Structures are given as structure tokens and as C-alpha cells.
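Work the whole structure out from these sequences, hints included.
Listed below, chain by chain, are the residues.
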Amino acid sequence: MPTEEIKVTPYRPYGADIKETRPYSPCRAACPAHTDAQAYISLIAQGRYNEAFEVITAPNPIATVCSMICHHPCEQACRRCGIDEPLSVRHLKRFAIEQSKDYRRAKRRLAEKTRGKSIGIIGSGPSGLTAARDLADLGYGVTIYERHPQLGGMLVSAIPPYRLPREALKEDVDDVISKGIEVKAGCEVGRDISFDEISRKHDAVLLAAGLSMSRSLNIPGVEGPGILLAIPFLEDVAFGMKIDLGKKVLVIGGGNVAMDVARTARRLGVKDVSMVCLEASDEMPAWKWEVDEAVEEGITINNSWGPKAVARQDGKVTGLEVIKVLSVFDKERRFSPVFDNDQTRTIGADTIIITIGQMANLSFLKDSAVKIDERGRIIWNADTQMTNAPGVFVAGEVVTGPGSAIAAVANGHRAALAMHLYCQGEAVEGKLPVQEKEKIGQMPSDLTDKIMRIPRQKVRHMDPETRCNTFEHFEEGFTEAEALNEASRCRGCGGGAVVDSSKCMACLTCQRVCPYGAPVVQAYSVIRPEYCQACGLCAPECPAEAISMVSYDVREHRNNMAAAIGSPSAGRTEPLIAAFVCTNNIGRHAFQTSSNVKVFPVHCVSRVDILDMLKAFECGADGVAVVSCSGGACKYLDVEKRASARISRAKSLLSVLGIQPERLQKLSSVTADIDSHAAACREFSERVKALGKINSTNKDKE
Amino acid sequence: MIVGSQKPLDEIWNMVRDHKKVLVFGCNTCVAICHAGGEKEAETIASMLRMKASQEGRSMEVSHMGVMRHCEPEYFTPVMDEVKKYDIVLSTACGVGVNFLSERIGNVPVVPGINTSFYGAVSEPGVFEELCAGCGDCILHLTGGICPIARCSKTLMNGPCGGTNKGKCEISSDVDCAWFLIVERMKSLGMLEKLAEVLPPRNWTSARDGGPRRISLEHIRVFEEAEENKDKSAGGKN
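Chains A and B are the protein sequences, given in the same order.
No gaps in the numbering here: position 252 of the first sequence is 252 in our numbering, and each next residue is one more.
No gaps in the numbering here: position 152 of the second sequence is 1152 in our numbering, and each next residue is one more.
Simulated from the structure, these hints should not be mistaken for laboratory data.
From a predicted model like this one, the values you see are computed outputs, not experimental measurements.
Be a bit skeptical, because a hint or two may be false.
[As the list claims (entries may be wrong)] In silico DSSO-like pairs for lysine-lysine, Cα to Cα no more than 30 Å straight-line:
(1) B:Lys1154 <-> A:Lys651
(2) A:Lys693 <-> B:Lys1007
(3) A:Lys666 <-> B:Lys1007
(4) A:Lys666 <-> A:Lys598
(5) B:Lys1194 <-> B:Lys1085
(6) A:Lys117 <-> A:Lys170
(7) A:Lys651 <-> B:Lys1020
(8) B:Lys1187 <-> B:Lys1166
(9) A:Lys503 <-> B:Lys1007
(10) A:Lys437 <-> A:Lys450
(11) A:Lys271 <-> A:Lys458
(12) A:Lys316 <-> A:Lys201
(13) A:Lys666 <-> A:Lys689
(14) A:Lys641 <-> B:Lys1007
(15) A:Lys458 <-> A:Lys431
(16) B:Lys1021 <-> A:Lys693
(17) A:Lys503 <-> B:Lys1166
(18) A:Lys184 <-> A:Lys113
(19) B:Lys1021 <-> A:Lys503
(20) A:Lys693 <-> B:Lys1020
(21) A:Lys651 <-> B:Lys1007
(22) A:Lys324 <-> A:Lys308
(23) A:Lys288 <-> A:Lys247
(24) A:Lys503 <-> A:Lys439
(25) B:Lys1154 <-> B:Lys1187
(26) B:Lys1154 <-> B:Lys1166
(27) A:Lys458 <-> A:Lys288
(28) B:Lys1154 <-> A:Lys503
(29) A:Lys635 <-> A:Lys666
(30) A:Lys288 <-> A:Lys271
(31) A:Lys117 <-> A:Lys431
(32) A:Lys201 <-> A:Lys113
(33) B:Lys1084 <-> B:Lys1021
(34) A:Lys170 <-> A:Lys247
(35) B:Lys1084 <-> B:Lys1187
(36) A:Lys117 <-> A:Lys201
(37) A:Lys503 <-> B:Lys1085
(38) A:Lys107 <-> A:Lys170
This is the structure we're talking about:
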């Protein structure tokens, strides 16, 4: 329950600012909303799930939805594609969101209304919800008008629950609405309230009504019973209406909505569901995995046939006459189907569902000032998200045409910013951010042998037999072990080393240390982001301390050491051990050991500096352990030998101070098992205990 | 570049032990390249000094700092006010830097954290070897680029001596005989007979033997003086 109104400062992960000045990781660049997948995957790998949630939801208010249905352009862009398989980003997102459920619910707060202005948003799909959230956070009073009884737009009315469970959508919607947004559900503009009245009530209006009408086919026999249109069909299923499907359903269409229609028909008890589409199997507009899953569910797809006429007998549908398609696209990739009229057949069916495309229902704009073109589309300016009518903005599929949910989210952000500028009396032209972002190039071919192959974590599906009988979600999420395994595959693109050119004097140390050839040194060192693997080996080696890391503060552990260690009591019976523990292994972030061991998690021991080890002793530690991955399990190169050399030097420095070098040790257990690491630490602690307290320090005298 | 190595901690400690506010001041050029006195090593020494102070029950504030170079005054300017706040500066720059800072800092002692040794190069990462003695009158064109002054233990001008031993110097099997290297090189260059030419006795006044050296480039100084005059006529330096 939202309580007091507070101003929420958004969480920004470390390095967020510098990342804006450099090419994005390809995953982030590919996302229309530019979600920083590398940042949240890194947080997941460290067990920081709530922070991962913050990174995920900052640019995306329907993140739970996306974790179920997004077509994940990030995965297609992942630089592991050239090595083995891309990161399973969508499932990692789902995992982080599931882990942070309590956190997200506790976060819900009313947003302060500070602007004294109100916004009306027509439509509660991805773009409408996004604009609503942004504008509420900016201090506007927001009212959403939604014709369905539930919020979500296509997410609730057209995407079936076996792909998007209602509870998942509800979490996202509740996050948005709990900011104090006024919701008018079951309110159809044009029927229950006029567009004119909305325009008068609000300082700005957003048309985010989507493409809610199905296109039909103008072929003989289409009039009459037994023919359904996609959207009304899916809406009826969504809102619990009774539907009469026959025994043999034929779906016309080859896109994602057609897949939803066919698979829904299957789940309504129809055993014989088939599809027919113009496209050949390799050019179907539906995502390949949707097609694969449909085929697994026993759906037959008739590729390269075009609808000619509906066959009827005694008024009832008996099938669809189709003509052979020779090609769908012309040389310029324009839609221009070519048929072979001599090749025809009839596909048998008693019910036909037409899923060939959608259009907007703009009848409510009939008498308004908003101009519509001769093809029935709103005339809009993509640079400003404005219609010709002052104060009337647009977002989402209603103007962009059919697209993904995440693309609509990005468009919703643009519209919100445009509306905010407009309400503040500022010009909008030229102020909306550029969508295309420069991205880090492909993984260079000379690196492929240097990157450890780790198979992608498989996602578990309900078996086809079982899942066809239920609308339950057919995918299972990752367990923690699976998620951490998968997250460790990330190579940290864009999160790596940066050289301060004002300190670098081109000594070549980083070039010599880097196993991946990332630094190029001329007047000063430049670390090439497409080569850098963000291992962290170079920064502690730089003699001028000129190297920092984008994704973490290299001085973090040194700076926090005193506070973390506290004041070791003179009468302590157990030695105080500082342990730098590599988190790149299952459960390492949850590394629990005895209370006398202070754990400093690191993504790899490559980042542990001699200065960190010395600092621990400086702050009063009796012993320091550096706990690394066992044997060949390290996902980076050369770490073992560099870490050993650093520890060797640190030991000789300790000897100079008269501190027994055995108090500093590199530990790695025989297995990757978390318990054996804890055991190694306990053993080390016992050995340090036997050495007694360190030669009297000031602290001991207290 | 100039190569040096850190002084033993005990020696450094004896220099600073009686002071309350110590700055370990690193240089990020030559001594950083040889990993002796860059900002990182300065921070390392600072950490060691703090632990040493704690061990001896002394209250001492030790900080560290680094600038690009200690041999050009402009690098000191932005930090000099901060540097002067300390009781003593432990410079981990080469001896040049210790001198240069001492002349400019006023009443704060500057002590050396490094033993500055030679002009050398990086034979392999972590290995630095002396190759030049700064004699001021280079004759490397006569010796195939191999310096008998820096690299011959006896600084012979007409070696090798009788101590040469299978290409190594009699002082150690780790030290190459410079004249062996010279002869082999001149052979490979087809210039061996040049070594038979007689040269007059070397004039050593160009080396340190002739007193502290100074080089003054008039064409640069003229420019700087013109800049100064321009500033003066424009109302003085800012």
C-alpha cells in the first residue's frame, strides 16, 4: 500500500555516467530502450538482485512482461554469438525480477504531484504505461483511459497467459499505478467519454491506443458463421467469454499473433489446428522460436499458399481454397506476392481465424482537430511525437506500425519527454534523444581461442503434450545455480578498463600484462573496448594508477577497508581475517564462513591489488586470504600467475615490516564447491590463529 | 630513461620517523616505467610507513600524491600549495626530482625514496640495464653503438682487457664484456678495421669530471623571453 509521498532518486549503477560517453555494449545498443544488460547481468552474478532489478526497470516499466515475451534483440546482438551461444538475457532478467519481488513491492510509493498540470493517456499498453510512469515521476497528475476492464492493452487482451501470466503483468502495472495514477478502466473513448472532453480536461493528451482492430480478407465466402478475426478471438479468450471453435481450426497468417491464435486454439481443446501463410518457412514474420514451439504443439504450417475463397456447404465452413505462392517479396524486399494460378488446393477446416494484420480504431477522433491521412493513419511528427493538434501527442503502434513491446516502451519515453517539454513551455524539436547508439564492434577473431567455452544454460519448457492442455506458463525460470552459471558467461563488454591519458606515460606495462591485446600504446595507452574482457588485471599493474574500470571502483575495497574491519578488539580470541573472494562461481556471493572472516567479494582475483592486501593489514587484520577459482576454472587468462606474483611481492613487503608472510595466503580449493572454499578459509584462520596476534600495533594497546 | 630502485624501508623510515605529516610524492615518468617510484609505488610506501608508524606507536599522518614529472616546473604548480602543507616530502622521483623540488618548495625538507642509478633500457619487462653514462661526447659511431664507457667495467677506450672470458667480464658471468660485443658488432657491420684507427686521448671535461653541466638553447630562451615581455606589457603574468 503506497504510503507517504517521497521523491525517489533513481538508482544508477557504478559507471553509468562514463558509459554514456563511450560506445554501448551491443546488447544495450540493440535494446530499443537501451537497457544496460551488461550492468544487470554483472549484478546478478554478484548476487545483488535488488540492484539488478533497479537497472532493469529504470528504462522499462514493463520489465516483468518483457522477461516473459520480449524478442530479446539483446541476445541476437550478444558478442558470445561468435564464440558459442548468446547469453540467455531474458531469463536472467526474469530470475532477477523473481528474486526481488518483496523489494519491488515495498518500493511502491505515491509520486509527488509538483507541476500543477494533468495528462490524459488513451490506452494502457506498453507505450501508454511507460509515458504514464515517466510523467508521474516528473510530477504530473496522470489519468489513463482504457476501454478494457484490465490494464495492459495488447499485453492483457491479445497475448495469451501461457506466454504472459496475468500475475507477471499485474506486478508491472501495479508498480506504475501505485504512483497515484488515476485509472478509468472499462472506459472507451468515443463511447463513454468524448475525445473533446478529454482534451479539455488535461493540459496534454497522449494517443497510445495501439492497433486494436483486426484486418479481414475480402474473399468470397468470408461472410457468415465460422470465420473469426484474431483480435476479437483473443480478447474473448482473455476476458473469459465462451468461444465455439469447431474440431478443425485453420489460422490464416504467419506472424506472431497468428502463432498466439493457433496455440490458443490448441489449448481450447482443438486437436487439429493448422496454419496457412503466404511466406515460405524461412521468411515467416513470426520469431523462429514461436514457430518451433507451435510445431512442437502439433500445429501444421502450410507455407507458401495464398487465400482465394472460403469453401462452404450448407452455409457451414468446410475449408479454404488456396493458390500457390511463388514469391512474396520483390527484389527491393517490398511485399508483392506472385501466385501460380494453376496450382490450387483446398485446406479442410470448420473454423477459420484470420490473422493477417491489424489497424487502429480511430473513430473517436472523427470530429476532432487531429488530422488523419487518406489511409486512415494519424499524421504525426516523429521528431516531436506531436500530431497537428496542439497538446495532442502520439506513441506506440498506433503510429509506428506493428512492433515489439519494448519498441513501444522506447516510443512511450519519447512521448513523455515531449509532453513534459511542451507543458513547460519549451520547444520539443531537436530535444528528443537520438535512438541509434554507437556500439562496441564484434568480438575480434584473434580472441575467440582465448575465451572459455561455456554452454548456454538451457531453458526448461513444459513438454508439448502437457502444455497444450493448459494456459499455465509453459516456460520455467532459472534456479539460482542456473542463473549464476549463465551470468558468469558474460564477458562484460563495455565495462572494462579506461586509461586516464593525463596520467599515463606510455610505459607499456598494461600492453604487456593484458592477455587479450586490448591496450594500444602510442602517446598514451588506449584500451580498445572490443578487445577488453573487463578482467581487471591491468589496473593494479599500472605504475601511474592511470587505469580505472567502468564497472567498478578499483579503490572500493581499500576505501571501505577500515569501516569493514572496524576496531579489532585487543582481547580477541579469533584472528581477524580479510578474505578477497572471487564471486565467479556458484553461490560465491553468498559465501558464508565464520564471523571472524570479513569477506570482500571481487568478480575475479585479478583485481586484487597489493595495496588492497596491505590495507587490510594496515587496518588491523591478522591474516589475509585471496580466494580464487580452482585450477582451470578461471574464466580469464593469466590471472593465476599475476595473482601469485603480487602475493609474492606483498609477502616480501610484509617481511620487511616484521610481519610473518604466512599471514597472507592464496587459497583455492580442489573443487568448485562453495563449502570447500569455506573450509579452506577456516583452515587458514586456524593457521593464522596459531601465529598469534600480529606484532604489537597501536590498536592492540587500546 | 633514468632507472632507480626503492631504498630499503628502514632507511626511508629513519629519514621520516620524527615527522608528523609525511607526503610520499611520486613521479609518473621514468621511475614509474621502472616500477620504482610512480604513484602506485608511492602509495605502497605510504601504506608501509603507516604500518611502521603504528608498530612503533607513533602518530603520523602519511599521504601520497603523484604528478607526471618532477623535472619540469609546470607539473609542480597545481599541487605546490598542497605539498607545502607537509612537514617532510619523501620524493620517489629520481635524484633530479629531489633536487628540483628542493629548490622550489621553501622550508620543507625533501628526502629521497629512490636510489637513482643509471640511464638504461628495458631488456625485458622487469629487467633494466645500464647502457649510457652521460659522458657528453658520444663516440658510439666508432663502437657500433655499444658504449664502452657505460658498459665496460673499466671504461676502457681500447679493450678488451685480459680479463675477458668467453664474452663475459671477469667481474661476473652475468656481465657482458662490452668490448667483445663491440668487436662482434663491428665485424658484422664490416667495419672492424675502424677499431684499428688511432684516436687522441679522450677529453673527459665533457663528462661529470668537468663539473656540473648545463645546456642552454638560445632559440627556445628567446621565445620564452618574448612571451615574458608580452605578458609584462599586457599587465604582468596572471
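- Query: Has the given pair, lysine 635 of chain A with lysine 666 of chain A, been kept, meaning a C-alpha gap of at most 30 Å?
  - Reply: Since the Cα atoms of lysine 635 of chain A and lysine 666 of chain A sit roughly 18 Å apart, the hinted pair holds (cutoff 30 Å).
- Query: Would the pair lysine 437 of chain A and lysine 450 of chain A pass a check requiring their Cα atoms to be no farther apart than 30 Å?
  - Reply: Since the Cα atoms of lysine 437 of chain A and lysine 450 of chain A sit roughly 28 Å apart, the hinted pair holds (cutoff 30 Å).
- Do the alpha carbons of lysine 641 of chain A and lysine 1007 of chain B lie within 30 Å of each other, as the hint requires? holds (27 Å)
- Message: Hinted pair, alpha-carbon criterion (30 Å max): lysine 693 of chain A, lysine 1007 of chain B. Please report holds or violated.
- Response: holds (29 Å)
- Task: For the pair we were handed, lysine 288 of chain A and lysine 271 of chain A, check the Cα-Cα distance against 30 Å.
- Result: Answer holds: lysine 288 of chain A to lysine 271 of chain A is near 22 Å, not above 30 Å.
- Item | Pairwise hint evaluation, lysine 503 of chain A against lysine 1021 of chain B, where the allowed Cα distance is 30 Å at most | holds (25 Å)
- Task: Given the hint that lysine 107 of chain A pairs with lysine 170 of chain A, test it: the Cα-Cα distance must not exceed 30 Å.
- Result: With a Cα-Cα distance of about 15 Å, the restraint between lysine 107 of chain A and lysine 170 of chain A holds, given a limit of 30 Å.
- Task: With a cut-off of 30 Å on the C-alpha distance, tell me whether lysine 1194 of chain B and lysine 1085 of chain B pass.
- Result: Roughly 59 Å separates the two Cα atoms, so the pair is violated.
- Pairwise hint evaluation, lysine 1187 of chain B against lysine 1154 of chain B, where the allowed Cα distance is 30 Å at most: holds (22 Å)
- Given the hint that lysine 1084 of chain B pairs with lysine 1187 of chain B, test it: the Cα-Cα distance must not exceed 30 Å. violated (57 Å)
- Item | Pairwise hint evaluation, lysine 201 of chain A against lysine 316 of chain A, where the allowed Cα distance is 30 Å at most | Since the Cα atoms of lysine 316 of chain A and lysine 201 of chain A sit roughly 50 Å apart, the hinted pair is violated (cutoff 30 Å).
- Is the Cα-Cα distance between lysine 1187 of chain B and lysine 1166 of chain B 30 Å or less? OK: lysine 1187 of chain B and lysine 1166 of chain B at ~17 Å, within 30 Å.
Consistency note: the structure conflicts with the earlier hints numbered 1, 5, 12, 15, 17, 28, 34 and 35.
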